[in-house]
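These protein sequence lines are chains G and D, in that order. The working numbering applies: residue 841 is where the first sequence begins, and numbers increase by one. The working numbering applies: residue -5 is where the second sequence begins, and numbers increase by one.
Derived from the structure by calculation, the hints contain no laboratory data. Since the structure is predicted, the reported quantities are computational estimates derived from the model, not experimental observations. Heads up, a few of these hints could be off.
To list a few chain G residues with every Cβ distance to chain D over 12 Å, as calculated [unchecked claim]:
#, residue
1, H856
2, I1192
3, A1202
4, G1203
Chain D stretches covered by chain G per the calculated footprint, using a threshold of three residues with CB under 8 Å from any CB of chain G [stated by the list, open to error]:
#, stretch
5, 95 to 104
6, 111 to 121
7, 127 to 134
By construction, the Cβ of each residue, glycine as well, lies at the ideal position given by its N, Cα and C atoms.
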Amino acid sequence: MDATMIRKDFPTLERHVHGRPLVYLDSAATSQKPRAVLEAMQRYYEDANANVHRGVHALAEEATELYEGARARIARFVGADPRGIVFTKNATEAFNILAYSYARHRLGPGDVLLATEMEHHANLVPWQLAQAEAGFDLRYVPVTPGGELDLEAFEAEVATGRVALFAVTAMSNVVGTINPVADLAAAVKAANRDALVVVDGAQSVPHLPTDLVALGADMLCFSGHKMLGPTGVGVLAGDPEILEAMPPFLGGGEMIANVTLEGATFNEVPYKFEAGTPPVAEVVGLGAAVDYLERLGMAEVRAHEVALLEAVLPALEGIDGVSVHGPTDPARRGAAVSFAIEGLHPHDIGTIMDREGVAVRAGHHCAKPLVRKLGSVATTRASFYLYNTLEEIPALVDAVETTKRFFDR
Amino acid sequence: MSMDDLYHEIILDHYKSPRHRASELEGAQVSVHHSNPLCGDELDLRLRVADGAIEDLAFDGDGCSISMASASAMGQAVVGRELGDAEDLAEAFRLMMHGEGHKREDDLADGIAFEGVAKFPVRVKCALLGWMALLDAIESYRGGDGRGSRDD
Ligand SMILES: Cc1ncc(COP(=O)(O)O)c(C=O)c1O
């Protein structure tokens, strides 16, 4: 994989900011988009724009084929049954479907919903909302100071046999930690065969080869915009039988089988969970993004990011006063790298680095409990993707040095 | 627009040697906690009021240089002022941050160094954090409940 060649596919990467070539290190927030994705969406609007399903005219048929074709390719990309691919607005909405249509109905007093302290707010707040109504216990696997799950505490929770839903991220968006999801899922199921395993794939699906079955996940939530696709489309991928047994989330057109003034019967999955006109162009764009990733090969993407990590972790740690949060072994982490500069606040760091053309993110990254656990209210995060190059690492290091000098005046 | 517009010397000075920064304030009647949900900055502000004026204040918190330095400069500008006067000064500072004119420049004292922050929209909230806490603290004092907490 040649990242220098790949960059040519991404128009935004040609940009300059504040008079310097852009070094984009914020892909964990959202990735840049290759021309192939932008063109697929443009082509859809220019050639085949129509509402999907039930249309009898040519364009409606073509649009439906494009939409359903993308569903099939996205399903294959994560090892899921296409009937178990529900298109949502984003990963957040996918979690909300599960909280509303599963946790609220299936969990009650005496049940435990086990999440972890490492989760993004998207994999926390929907459960908290459901808990207020359903009255189950919401418990959390603690995170160690090194940014990994406390496995002993996890085992103790699972041993109670009360865990009815386990929600965990496959990869942390703050500290990069790759969790041993398959092992965790197996342990949860061994203690309670009926437990539902929900995996947050928002960071892992864009960066690691993914297979629903190998992960042991009943449900996997992810967002198109972090994996080269457009905003406005996310995916709830899961076991179609479990989805079938769940009541609908949103009501409206498309999700029904029959409607009378007295009531409605519902369409089969995945349509039952896709009320209203779906984001057709966005789904077509996400299909093109998946094609792009498959052409490169996810194993290659991962290998490229490991090579970047092998260079960037020691480069940052080598700067006086800089420390990196999370696992130090590239094999155990993804390319979201949070770091601290002694005595400086991430907000100030981010502002100065931006002036150097280096786009990083400063804040709590929508994971306040985790950032608190790291002993802070905010971190500075540099996150890498397939289009980042080894040549950009010196620019990052220089920007950090410049920031330190600026505040040492 | 340069980095020195944002990080004026006076700001860096307040950041490195904050005034009125302490975790306690003897005889304080009000204590408020404010945070900025966007970036996670946190600030506690305590006030001691006597004869309708701010006799002393103390802030503490975890935040960027702009938010902490602004609270420090604010302390210098408002101690000794009557409550209504302090509120008026807060409004003058807010207008300056939104690029809507200059009022009471002399009274803002070192606060005037934050003028350049107005050119960095994402940082305006940082500069306002302490002042918003002050307005809230004054309101709490008048309401007599003595406590407040808010996300700005
Ligand atoms: C780990 C993780 N989970 C969930 C989300 C939520 O994604 P979205 O905002 O696209 O719904 C994000 C993105 O910020 C994330 O990094």
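Okay, the hints, checked on the actual structure:
no. : hint       : verdict
1   : H856       : 16 Å, holds
2   : I1192      : 7 Å, violated
3   : A1202      : 7 Å, violated
4   : G1203      : 5 Å, violated
5   : 95 to 104  : violated (count 0)
6   : 111 to 121 : holds (count 3)
7   : 127 to 134 : violated (count 0)
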